[in-house]
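Chains as they are written, first to last, in numbering that gives the first Met the number 0: chain A, 0 to 441; chain B, 0 to 441.
Derived from the structure by calculation, the hints contain no laboratory data. Careful, some of the hints might be misleading.
Identical chains share a label here; the pair holds if one copy fits it or two copies do between them.
Straight-line Cα separation of at most 25 Å, DMTMM-like style, residue types lysine to aspartate or glutamate; simulated pairs [stated by the list, open to error]:
1. Lys14 / Asp4
2. Lys387 / Glu130
3. Lys387 / Asp129
4. Lys387 / Asp413
5. Lys104 / Asp254
6. Lys15 / Asp4
7. Lys374 / Asp173
8. Lys247 / Asp11
9. Lys387 / Glu160
10. Lys374 / Glu160
11. Lys374 / Glu130
12. Lys291 / Asp353
13. Lys104 / Asp129
14. Lys374 / Asp129
15. Lys247 / Glu369
Read off the chains here:
Protein chains: 2
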Amino acid sequence: MAKSDWKAEAKDLKKKLRKLKEALVEPVLAKKAKPVSPLAPAAFPQLPAIAGVSFAAVEAGVRYQNRRDVMLVHLAPGTTMAGVFTRSTTRSACVRDCQAKLAMKVPAGAGAAIIVNSGNSNAFTGLVGDEAVAAVTTAVATALTLPASRVFSSSTGVIGEPLPHDRITAKVADLASALREDAIEMAAHAMMTTDTFPKGASATVQGDGGLIHIAGIAKGSGMIAPDMATMLVYLFTDAKIPAATLQKMLARHVDATFNSITVDSDTSTSDTLLLAATGQSTAAEVKGPVAKAFEAALHGVMRDLALQVVRDGEGATKLVEVRVTGATSHADAAKVAFAIANSPLVKTAIAGQDPNWGRIVAAIGKSGAEADRDKLSIRFGDILVAAKGWRSPDYREEDGATYMLQPELVIAVDLGLGTGKRSVWTCDLTSRYIEINADYRS
Amino acid sequence: MAKSDWKAEAKDLKKKLRKLKEALVEPVLAKKAKPVSPLAPAAFPQLPAIAGVSFAAVEAGVRYQNRRDVMLVHLAPGTTMAGVFTRSTTRSACVRDCQAKLAMKVPAGAGAAIIVNSGNSNAFTGLVGDEAVAAVTTAVATALTLPASRVFSSSTGVIGEPLPHDRITAKVADLASALREDAIEMAAHAMMTTDTFPKGASATVQGDGGLIHIAGIAKGSGMIAPDMATMLVYLFTDAKIPAATLQKMLARHVDATFNSITVDSDTSTSDTLLLAATGQSTAAEVKGPVAKAFEAALHGVMRDLALQVVRDGEGATKLVEVRVTGATSHADAAKVAFAIANSPLVKTAIAGQDPNWGRIVAAIGKSGAEADRDKLSIRFGDILVAAKGWRSPDYREEDGATYMLQPELVIAVDLGLGTGKRSVWTCDLTSRYIEINADYRS
Chain A
0 MAKSDWKAEA
10 KDLKKKLRKL
20 KEALVEPVLA
30 KKAKPVSPLA
40 PAAFPQLPAI
50 AGVSFAAVEA
60 GVRYQNRRDV
70 MLVHLAPGTT
80 MAGVFTRSTT
90 RSACVRDCQA
100 KLAMKVPAGA
110 GAAIIVNSGN
120 SNAFTGLVGD
130 EAVAAVTTAV
140 ATALTLPASR
150 VFSSSTGVIG
160 EPLPHDRITA
170 KVADLASALR
180 EDAIEMAAHA
190 MMTTDTFPKG
200 ASATVQGDGG
210 LIHIAGIAKG
220 SGMIAPDMAT
230 MLVYLFTDAK
240 IPAATLQKML
250 ARHVDATFNS
260 ITVDSDTSTS
270 DTLLLAATGQ
280 STAAEVKGPV
290 AKAFEAALHG
300 VMRDLALQVV
310 RDGEGATKLV
320 EVRVTGATSH
330 ADAAKVAFAI
340 ANSPLVKTAI
350 AGQDPNWGRI
360 VAAIGKSGAE
370 ADRDKLSIRF
380 GDILVAAKGW
390 RSPDYREEDG
400 ATYMLQPELV
410 IAVDLGLGTG
420 KRSVWTCDLT
430 SRYIEINADY
440 RS
Chain B
0 MAKSDWKAEA
10 KDLKKKLRKL
20 KEALVEPVLA
30 KKAKPVSPLA
40 PAAFPQLPAI
50 AGVSFAAVEA
60 GVRYQNRRDV
70 MLVHLAPGTT
80 MAGVFTRSTT
90 RSACVRDCQA
100 KLAMKVPAGA
110 GAAIIVNSGN
120 SNAFTGLVGD
130 EAVAAVTTAV
140 ATALTLPASR
150 VFSSSTGVIG
160 EPLPHDRITA
170 KVADLASALR
180 EDAIEMAAHA
190 MMTTDTFPKG
200 ASATVQGDGG
210 LIHIAGIAKG
220 SGMIAPDMAT
230 MLVYLFTDAK
240 IPAATLQKML
250 ARHVDATFNS
260 ITVDSDTSTS
270 DTLLLAATGQ
280 STAAEVKGPV
290 AKAFEAALHG
300 VMRDLALQVV
310 RDGEGATKLV
320 EVRVTGATSH
330 ADAAKVAFAI
340 ANSPLVKTAI
350 AGQDPNWGRI
360 VAAIGKSGAE
370 ADRDKLSIRF
380 GDILVAAKGW
390 RSPDYREEDG
400 ATYMLQPELV
410 IAVDLGLGTG
420 KRSVWTCDLT
430 SRYIEINADY
440 RS
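Only chain A is shown next, with the shape it has when bound in the complex:
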């Protein structure tokens, strides 16, 4: 067939294809618009009810339509609170408000509440942002008969647009009357933005005189350089723990969990982590060996949620642990680990299932940490790839390539200089990340 005939045929086909697409492809695409991450857990876990904690969620239409976008948590009288927040200089109005309220050290007597909306982060919104926080938290305080100083709020979504807080306050009465102990999954759903699945985790600890339960939920998906999506985490326990102790316990486990999933996670405008202890377990106040067990369980829940956030990294197809040892200090180990975990070239190589260890070498070199080419070694899982200044003589490219096919990878670097170490988790960088972020707002 001549080229001109082909061209005529092409024109005809183009028309037919457009019709075909309308009939077959678009309805499917519409359904799959937000495919669940391939790294997602099979299902939302069964979380234990925490005595003294109840949840509700509603459709308020803050930004999204046809989905629940505001959730409320009520915490019974006697609940102690702890929190860790972003250090961003442009953090949101609600983050500043939470920090101020926690610093007031209000006695636990009256109980507390947490209200969260998705779709708008109320960050960089000036005085009207502060007014919005006041309006929302005051409405909740009134509805639940709490002091306003015990109502914490979070907002997640677009930065710089005024929060239409009247849409939230209009729903506070509905929320207050819908509170249920078993609605935690619904609450996890309501705070999702670009998340493809809700995130939950739990643990049970044997206390002194009864079981202690921990349950937590998180949202987060813009993992590679968290921004407006970033992280909100709420942890609940029925343990009896004074507020000051609770704060110390929480702070001890943040670095190895939520601050190890990306170098930027601690500095977005909205990052909020709250831990509430209702004290309603039959177990006595958490102390001694029970405290140790409790902290281990808390660490496990925090790490589980942190890894779920990476698993939901925008466009992610691989979960990667970067494990650095042998650095001259923990700080140097962290520099190397984050340099690798944040390198677009390492992340794209992983997306392409390419065992391109040269890019890991380059990331180590640029990290700013002390490193000696002839002392460091690089492993893919257990496979020794490079050591003594060059490619390991036993390393075969096929082995690296086969290893890369797995959905969960470990990149291990030993710098051979000291005892400093750090493990961080990241995901690969795919075209889907670009698609999601090139038109998040439109």
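Starting from the known structure of chain A, fit chain B onto it as the hints suggest.
Leaving out everything else, chain B in the frame of chain A:
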């Protein structure tokens, strides 16, 4: 038409389309396999011949086939040399060799040479890497009757694979006999890796007793986090300038040019910038006001080449200047500028032509620099977007959206705190970046 009919039609169309694709689309795609960046200059510039400098390039098959991949520069007796290199702890064997040779301060008498190959960076190749450098530079020294200490080499390409140096040494005689003053464009071509166009720039300065010429070439394209592609730059002038002065002049202009195009550019394994002054202009030694004019011209050439590297950023469709003023220090201004310029979320928003200034707010917040929400302002070009803690009342989203359609953008941030400032250049982050880097090696 029923769904089953559509499906039958689809099957038939699929077959026809495959044939159509073979006939029409694939030949076009094959030709466009490496499309030139939309930000590329219209053509390689006309560069002046520099008296005392000659070039040659050959096909050596180091890695690439059917293209020139090794280039040689000969520099006449009396040429002084200066250089600036990556600070990576895993820098390549040739970078270490160049640094050692420059430190020897060999008198300019004998002349000098530069040999560059693409396809393999000879980085992280241990002792065999050093041997490869010695073999190549010794072969050039012998062919051109130079001391080996005056032969500088660069390698760019994959990290961690032994450089097949015999393929290069086998071509040294051919190179030496092909040296020509007017072959600088061919040399620029030979060092390209993922570059989509060769980069050149020049300037002429009125010296004391004659004209002084400057010509330079560069390669670089992996801009977002330079790695194996990164930057090689060679600058030539016929000015008379002693080596020590030349080194000081070069060093003064690196920060505002090549070190302002990405935070990682100064730390890859191969980055090399060499400046050679043959002294063959009729003008007297560069001093006083001529020195000032010469440095201004040198700065211009360096900046032009640096911006060309950004214009060839992998997958780039936009050239973006990030201009930060009003910081408490230049260092703080640099932190903010690079935080914005390296933010994947800012870069993807620009790719999507989305005036998503909230992501700029987030980048400022995470930068680690001192910032006050209520004092900073953000502009797109001349359009005031945000100030006094929130969106400017006069800002209209349509204006921002229209501005974003341009291929060259300025993001200006004034922190309102002091006199610290820094401008850096970056490009957008597109799916094409992922495509290029997910299978660079295959």
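* In ascending order, which of the hints set out earlier in this document are inconsistent with the structure? -> Hints 7, 8, 12 and 15 are the ones this structure does not satisfy, whereas the remaining hints hold.
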